[in-house]
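Could you build the full structure based on these sequences and the hints that come with them?
Chains as they are written, first to last, in my numbering: chain A, 1 to 114; chain B, 1 to 114.
It should be emphasised that the hints constitute simulated quantities derived from the structure, not laboratory data.
One should not assume that every hint holds.
Below 27 angstroms or equal to it, Euclidean Cα-Cα: the simulated DSS-like pairs (lysine-lysine) are [claimed, not checked]: (1) Lys37(A) / Lys17(B); (2) Lys37(A) / Lys18(B); (3) Lys22(A) / Lys71(A); (4) Lys22(A) / Lys57(A); (5) Lys57(B) / Lys71(A); (6) Lys57(B) / Lys18(B); (7) Lys68(A) / Lys42(A); (8) Lys68(A) / Lys65(B); (9) Lys57(B) / Lys69(B); (10) Lys22(A) / Lys58(A); (11) Lys18(B) / Lys65(B); (12) Lys71(A) / Lys57(A); (13) Lys69(B) / Lys17(B); (14) Lys57(A) / Lys37(A); (15) Lys71(B) / Lys71(A).
Partial list, derived from the structure: chain A residues whose beta carbon lies under 10 angstroms from chain B [unchecked claim]: (16) Tyr36; (17) Leu40; (18) Phe89.
Derived CB-CB ranges, DEER-like [claimed, not checked]: (19) Leu11(B) / Asp59(A): 29 to 39 angstroms; (20) Glu53(B) / Glu15(A): 48 to 58 angstroms; (21) Glu102(B) / Glu15(A): 25 to 35 angstroms; (22) Glu15(A) / Val52(B): 46 to 56 angstroms; (23) Glu39(A) / Arg72(B): 23 to 33 angstroms; (24) Ile113(A) / Asn73(B): 37 to 47 angstroms; (25) Asn73(B) / Lys71(A): 29 to 39 angstroms; (26) Gly63(B) / Asp59(A): 15 to 25 angstroms.
Just so it is clear, the structure is predicted and the values come from calculations on it, not from any experiment.
Note that CB positions come from ideal geometry on N, CA and C, so glycine has one too.
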Amino acid sequence: GENVEQHPSTLSVQEGDSAVIKCTYSDSASNYFPWYKQELGKRPQLIIDIRSNVGEKKDQRIAVTLNKTAKHFSLHITETQPEDSAVYFCAATPLNFGNEKLTFGTGTRLTIIP
Amino acid sequence: EAQVTQNPRYLITVTGKKLTVTCSQNMNHEYMSWYRQDPGLGLRQIYYSMNVEVTDKGDVPEGYKVSRKEKRNFPLILESPSPNQTSLYFCASSFDLAGNNEQFFGPGTRLTVL
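Here's what the structure looks like:
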């Protein structure tokens with residue numbers, strides 16, 4: 001089955017700086033890679049996703065890049081703000097099976113230092 | 001309001017006492033899943049369902065049962081809970097007829113087994 005590794009497990013950045021979280025996956029059949037944000041005491045929520053036919057996707061201050069050859073994808077947050085403090089999870093799945101078999105990374109706790 | 005609901009939100013029980021955590025979604029989603037979240041381990045899938053009467057094991061199914069008799073409901077059953085099932089549980093649903101893959105999570109159920 002799929003195995004997703006996520007690094008770092010914790011990350012602290014100064015407000016206004018950029019943050020990068022990296023994930024690797026093992027199953028070459030995976031073709032859908034979402035990122036979820038979980039604020040303290042809340043449920044995970046989708047913030048951005050990317051499919052394997054695209055190398056990069058941006059949404060305001062958030063971007064995701066995908067390297068299918070190397071089997072890794074990354075989340076980039078620019079101009080970080082205090083409300084970006086949360087736990088971030090990457091995930092991977094082969095979409096042809098639907099995304100019911102979603103495998104998550106172990107999470108990155110991001111802290112923005114004012 | 002489109003949502004996934006879970007009940008109860010908090011539960012303290014004793015070893016061996018059967019319990020059910022309910023999950024319901026009102027978005028007409030095809031897929032539903034159960035995850036457990038443990039510190040340092042991220043979100044691990046317990047069971048998933050692609051449609052009514054169709055369920056399959058996720059990565060950590062031991063000690064759990066599920067059923068999908070109706071499209072909107074996907075209860076999680078612990079026949080004989082043990083302390084190692086103390087965890088935070090999330091139900092999620094996804095995939096509508098428009099082909100959207102975003103997983104919508106419920107608010108979570110914090111279970112303690114003594």
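_Proposed proximity, Lys71(A) with Lys57(B) (alpha carbon, max 27 angstroms)_ = 25 angstroms, holds
*Hint says 29 to 39 angstroms; check whether the CB-CB distance for Leu11(B) and Asp59(A) agrees.*
37 angstroms, holds
*Indicate whether the distance between the beta carbons of Asn73(B) and Lys71(A) respects the range 29 to 39 angstroms.*
37 angstroms, holds
_Hinted pair Lys22(A) and Lys57(A), Cα distance within 27 angstroms_ = The hint holds at about 15 angstroms.
*Does Lys17(B) lie within 27 angstroms of Lys37(A) when you go C-alpha to C-alpha?*
34 angstroms, violated
*Between Glu15(A) and Val52(B), does the beta-carbon spacing fit 46 to 56 angstroms?*
With Cβ atoms ~48 angstroms apart, the hint holds.
*Once the shortest beta carbon distance from Phe89(A) to chain B is found, is it less than 10 angstroms?*
6 angstroms, holds
*Is the gap between the beta carbons of Glu39(A) and Arg72(B) within 23 to 33 angstroms?*
Between Glu39(A) and Arg72(B), where Cβ atoms are some 27 angstroms apart, the hint holds.
*Do the alpha carbons of Lys71(B) and Lys71(A) lie within 27 angstroms of each other, as the hint requires?*
Violated - the C-alpha atoms of Lys71(A) and Lys71(B) are around 35 angstroms apart, more than 27 angstroms.
_Given the hinted pair Lys22(A) and Lys58(A), is their Cα-Cα distance within 27 angstroms?_
16 angstroms, holds
*Measure nothing beyond the straight line between the CA atoms of Lys57(A) and Lys37(A); if it is 27 angstroms or shorter, mark the hint as holding.*
With a Cα-Cα distance of about 17 angstroms, the restraint between Lys57(A) and Lys37(A) holds, given a limit of 27 angstroms.
*Could you check if Leu40(A) really has its C-beta closer than 10 angstroms to a C-beta on chain B?*
Violated. Min distance 12 angstroms.
Checked against the numbered hints given earlier, the structure breaks hints 1, 2, 7, 8, 15, 17 and 26 and satisfies all the rest.
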